[in-house]
Amino acid sequence: MRMQTAPSTAAAITPAAAFRRPSRGYWHTVRRRLSRDPLTLGCAAVLLLLVGIAIAAPWLGLDDPFKMSMIRRLKPPGYQGHLLGTDELGRDMLARLIFGARLSLFTGFVPVVLATLIGGGLGIIAGFTGGRWNMVIMRLIDVFYAFPSVLLAVAISGALGAGLLNSIVSLTLVFIPPIARIAESVTTQVREQDFVEAARATGASGWRIVQGHVLANVTGPILVYASSLISVSIVIASGLSFLGLGVSPPNAEWGLMLNTLRQAIYVAPMTAILPGIMIFVTSMCFNLMSDGLRGAMDIKNG
Amino acid sequence: MFRYFLRRLAYTLPIALGVTLVCFALVHLAPGDPISAVLPENASASVVQEIKAAYGFDKPLPLQYLIWLGHITQGDLGTSIKTGRPVAAEIGPAIANSMLLAAASIFLAFVGGCALGAVAGYTRRHGVDRAVTAVAVTGVSLPHYWLGMVLIVFFSVELRWLPATGMGGPDLAHLILPAVTLAVIPMGIIARSVRASVSEIRRQEFVQTLYAKGLRGPQVLLHVAKNVAPTVMAVMGLQFAQMLGGSILVETVFSWPGTGFLLNTAIFTRDLPILQGTILVLAMLFVFTNLLVDVLQMLVDPRVKRA
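Order-wise, the sequence lines are chains A and B. With the first letter of the first sequence counted as 1, position 276 gets the number 276 in my numbering; the numbers rise by one all the way through. Each position in the second sequence, counted from 1, maps to that position plus 1000 in my numbering.
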């Protein structure tokens, strides 16, 4: 028997309360709050557009992002059909920025997804079993939490060596501890609730309770927190490429572009800072969207 | 009070031990042999064996860990594979430079963050509050290494006011740009938390009582400040510690000869003892700064002790 869960209590309409407007449930409220929040919607639109353009990049009729030209290096925006100018090897900046969105969004997004699955799982297990397992898992998490995040990312990437896969691994390891902590604290709170007690009394198994109650209550806070991490992840992932620890040239990636254009900062300062604007706008949109979601979903912890 | 300190210490020590384990694992996690970087391509098996024995890499891992742990407790962090100098001697000056940078930044972040946050929390006027919140959000999502580049473009390339990179002796001019760059994120975070706690404390009844008994604005502000202090201190301590480890990107942009710079060189020359030593020292600083913040917070705010 599936028990009713706390946030989605749809009020049953009794004859006495028939003329009162029925509550339409949690998600309805969330949607309504979001629809009245132009900032969050705007950010979501910008991000959707960015993802759409990144996916559609090969079919947009852009210049080849890898085609170099020694005579057209570091040209200013608008030069011979190069809308945003060219980089230090004469490649079209617009094409590289758009193709760069693919790798930058990918390396920012994937670690958070992986960390959410792993960290969320660990946190739920720790919170739900409690006792000794909680102790073991959470102390292990604490050790990784004892490193400043950028340092841990650089340390692991540095030890493993440069590369896309290694930077994803290192960022995943960086984000597991904070997510696991949130998952653990919310799960522990849920475990104490009366409805879990009730479910246990009706004979529901542990797995059943996790499925029906814990997940329903934990998913929201974890997802909202994870969405706020995407912003951090994009900044740190680009930072790793900026240090030369991410994808290798000649790939287009915003952090790597900043790195290679750094030498040109005196010659073509405006071109050199362009990739950073992309990182900044993307990170800011994720940040604001996550704030909006947190407000709309009325989540305090996480 | 002493018992609280002991309890916090008892919690910190196992974590510190775990940190050493992670740092040890880093080197053995690295692909290839830790010593492959120093060996010539055609080294014979006996030479390899000899060098392995010299560095102690021929012993079983748990034993290697214990020996290494024994050494680091005596302040011996090993020898740099590239320069042959003790790791501690290489890290020392770098840490000092990073500390100088972090101290300057946290000062800027503290002044700016408190001012912004207090104004926002105090006025509660929509416009001002919104503006401060916007600055805070911007600060948090800014890629700070990029901000460093932008500042170089404006203040060094265009205006020619300040030097772009390097340290050039202990002068202020070289410190300004990197310190400002590094201060932006913590300033946003401090402003946010000051704003939240100021507006929360101002709603409490004792503030009304203070006004009722005839105190003027500035005097009340003093009382509010006293109540905000523990929160601000905690946030500041955390940010300072994060900065020590997180300045690697900014140090690279400005060629600041600190720990970040050292780490960067160590990574690209595969100098694993330096990499390991620097990370260990920075992580330990982080752990113990957190401990210090907790203890200080308890001294300022006795309520923490009971929690």
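Hints listed in this document are in silico derivations from the structure and should not be mistaken for laboratory results. Fair warning: this is a prediction, and the values are worked out from it, not measured in the lab. Misleading hints may appear alongside valid ones.
[Stated by the list, open to error] Pairwise CB distance ranges (calculated): (1) L117(A) - V1295(B): 54 to 64 Å; (2) Y79(A) - V1111(B): 38 to 48 Å; (3) L49(A) - A1054(B): 53 to 63 Å; (4) A1225(B) - D64(A): 54 to 64 Å; (5) F1154(B) - F195(A): 24 to 34 Å; (6) Y1211(B) - I53(A): 37 to 47 Å; (7) Y1011(B) - K67(A): 37 to 47 Å; (8) I118(A) - S1199(B): 31 to 41 Å; (9) K1082(B) - D64(A): 35 to 45 Å.
[Said to hold, decoys possible] Sample of chain B residues lacking proximity to chain A, with all beta carbon distances greater than 12 Å (derived): (10) L1017; (11) L1026; (12) P1060; (13) P1062; (14) S1080; (15) Y1122; (16) Q1208; (17) A1266.
In this text, a Cβ means the ideal position worked out from N, Cα and C, and glycines have one as well.
Going down the list of hints, with the structure as the test:
Range check, L117(A) to V1295(B): about 37 Å between beta-carbon atoms, so the 54 to 64 Å window is missed. Taken as a hint, the range 38 to 48 Å holds for the pair Y79(A) and V1111(B), whose Cβ atoms sit roughly 44 Å apart. Evaluation of the 53 to 63 Å hint for L49(A) and A1054(B) yields a pass: the beta carbon distance comes to about 59 Å. Under the hint 54 to 64 Å, the C-beta atoms of A1225(B) and D64(A), about 60 Å apart, fit the expected range.
With their beta carbons about 58 Å apart, F1154(B) and F195(A) fall outside the hinted range of 24 to 34 Å. At about 56 Å, the CB distance of Y1211(B) to I53(A) disagrees with the hint of 37 to 47 Å. A hinted range of 37 to 47 Å for the beta carbons of Y1011(B) and K67(A) is inconsistent with their spacing of about 58 Å. For I118(A) and S1199(B), the Cβ-Cβ distance of about 38 Å falls inside the hinted range of 31 to 41 Å, so the restraint holds.
Taken as a hint, the range 35 to 45 Å holds for the pair K1082(B) and D64(A), whose Cβ atoms sit roughly 40 Å apart. Under the 12 Å C-beta cut-off, the non-interface status given to L1017(B) relative to chain A is violated; the minimum distance is some 9 Å. Annotated as non-interface, L1026(B) brings its C-beta within 12 Å of a C-beta of chain A; the closest such distance is 4 Å. Distance check on P1060(B): its Cβ is at least 21 Å (rounded) from any Cβ of chain A, clearing the 12 Å threshold; non-interface status holds.
Non-interface call for P1062(B) relative to chain A: holds, since the shortest CB-CB distance, roughly 18 Å, exceeds 12 Å. With a least CB separation of 15 Å from chain A, S1080(B) remains clear of the 12 Å interface cut-off, as annotated. Distance to chain A confirms Y1122(B) as a non-interface residue, since its nearest Cβ pair spans about 23 Å, more than 12 Å. Chain A leaves Q1208(B) outside its interface by the beta-carbon criterion, the shortest separation being 26 Å against a cut-off of 12 Å.
For A1266(B), the requirement that its beta carbon stay farther than 12 Å from each beta carbon of chain A is not met, with the minimum near 7 Å.
Checked against the numbered hints above, the structure violates hints 1, 5, 6, 7, 10, 11, 17; every other hint is satisfied.
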